[in-house]
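> This is what each chain is made of:
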Amino acid sequence: MSLLDYFRSSKTNTASLAKERLQILVAHERASRNQPSYLPALQQELLAVIRKYVNVGQDAITVNFEQDGNQETLELNIVLPEER
Amino acid sequence: MARIIVVTSGKGGVGKTTTSAAIAMGLAKKGHKTAVIDFDVGLRNLDLIMGCERRVVYDLVNVINNEATLNQALIRDKRCDQLYILPASQTRDKDALTTEGVGKILEELAKDFKYIVCDSPAGIERGATLAMYFADDAFVVTNPEVSSVRDSDRMLGILSSKSRRAEKGEEPIKEYLLLSRYSPDRVKLGEMLSVDDVQEILSLHLLGVIPESKSVLSASNAGTPVILDEESDAGQAYADIVARYLGETKPHRFIEEEKKGLFSKLFGSK
Numbered sequence: 001m002s003l004l005d006y007f008r009s010s011k012t013n014t015a016s017l018a019k020e021r022l023q024i025l026v027a028h029e030r031a032s033r034n035q036p037s038y039l040p041a042l043q044q045e046l047l048a049v050i051r052k053y054v055n056v057g058q059d060a061i062t063v064n065f066e067q068d069g070n071q072e073t074l075e076l077n078i079v080l081p082e083e084r
Numbered sequence: 001m002a003r004i005i006v007v008t009s010g011k012g013g014v015g016k017t018t019t020s021a022a023i024a025m026g027l028a029k030k031g032h033k034t035a036v037i038d039f040d041v042g043l044r045n046l047d048l049i050m051g052c053e054r055r056v057v058y059d060l061v062n063v064i065n066n067e068a069t070l071n072q073a074l075i076r077d078k079r080c081d082q083l084y085i086l087p088a089s090q091t092r093d094k095d096a097l098t099t100e101g102v103g104k105i106l107e108e109l110a111k112d113f114k115y116i117v118c119d120s121p122a123g124i125e126r127g128a129t130l131a132m133y134f135a136d137d138a139f140v141v142t143n144p145e146v147s148s149v150r151d152s153d154r155m156l157g158i159l160s161s162k163s164r165r166a167e168k169g170e171e172p173i174k175e176y177l178l179l180s181r182y183s184p185d186r187v188k189l190g191e192m193l194s195v196d197d198v199q200e201i202l203s204l205h206l207l208g209v210i211p212e213s214k215s216v217l218s219a220s221n222a223g224t225p226v227i228l229d230e231e232s233d234a235g236q237a238y239a240d241i242v243a244r245y246l247g248e249t250k251p252h253r254f255i256e257e258e259k260k261g262l263f264s265k266l267f268g269s270k
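Here the protein sequences come in this chain order: U and A. Under the working numbering, the residues of the first sequence are numbered 1 to 84, in order. Under the working numbering, the residues of the second sequence are numbered 1 to 270, in order.
Think of the hints as simulated: they come from the structure by calculation, not from any bench. The structure presented is a predicted model; accordingly, all values stated were derived computationally and were not measured. You can trust all of the hints, since none of them are fake.
To give an idea of the chain U side of the interface with chain A (calculated C-beta under 7 Å), a few residues:
#1 A15
#2 A18
#3 K19
#4 R33
Glycine included, every Cβ here is placed at the ideal spot set by N, Cα and C.
Construct all of the structure, not just a fragment, from the sequences and the given hints.
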């Protein structure tokens, strides 16, 4: 580090920003890595079935897959529209 | 029993071929009969880094297709008689590599060689997945940079699910981190991810840090694996890595900034 750099060193620490972004991203990608590959298709088909009966939006269904030891949980969350 | 090492990264340009050439030469110089295979079918480059580009007659795909024997295709290194190079083919046929073909070659090499180093291409296509399929150990080359770290993590996922060891339910591939193009001074300034940061994210065993070094380009210009440049920092870093891999204890180097005198502190020198 030269003398000039010394006076310029007050700029933001981008390395910690990189670390933070990576930690979030990697955790997210690792979680989805272990998911069964049929999940997106399952979500689409369920949505189609529900839409036959109820008028719901594209993002009305969330499918969550979790693995905890030997136990696998498939969590389905369907948000129905408010009654008018 | 031969040990198969894959040098992988996902991202391109992080130093896979430089690393493959250096560690293969390092292992051979330690007296272990070593073969280094270029899996980058279509874009052969290991021959150039090893300095044997004009001696290539047959390649990996020729051997797979039974157009040449393994002995005809292997190029013996002129600097170290324990080292052999198997170049990649320049064919554009993506289906040229087959699991059976590669498996047969590795099996045959394993009879005669102690270490087989597989230089993986970038990406996650067939060349890359086949380079790692049969591996016992994986050297994950990573730069302290967001896209490289992310890609390395993806490769770790593939290593643990798509390898022969994973499919057969055997002991998993041993994974090692090689952090390359490292600049301690930039880390100190908060401009670059540190070794600890990368290790924390990837949770991998650190085999060594290779500093950003001019000697890497000089070595590739000359077709000499950088490990042969014993004066250079990168050359020494690779020598340490080979020694650690073989079980020697060597303290990590090139992580801290070099101590400079008052003069260079004031005026900066490189």
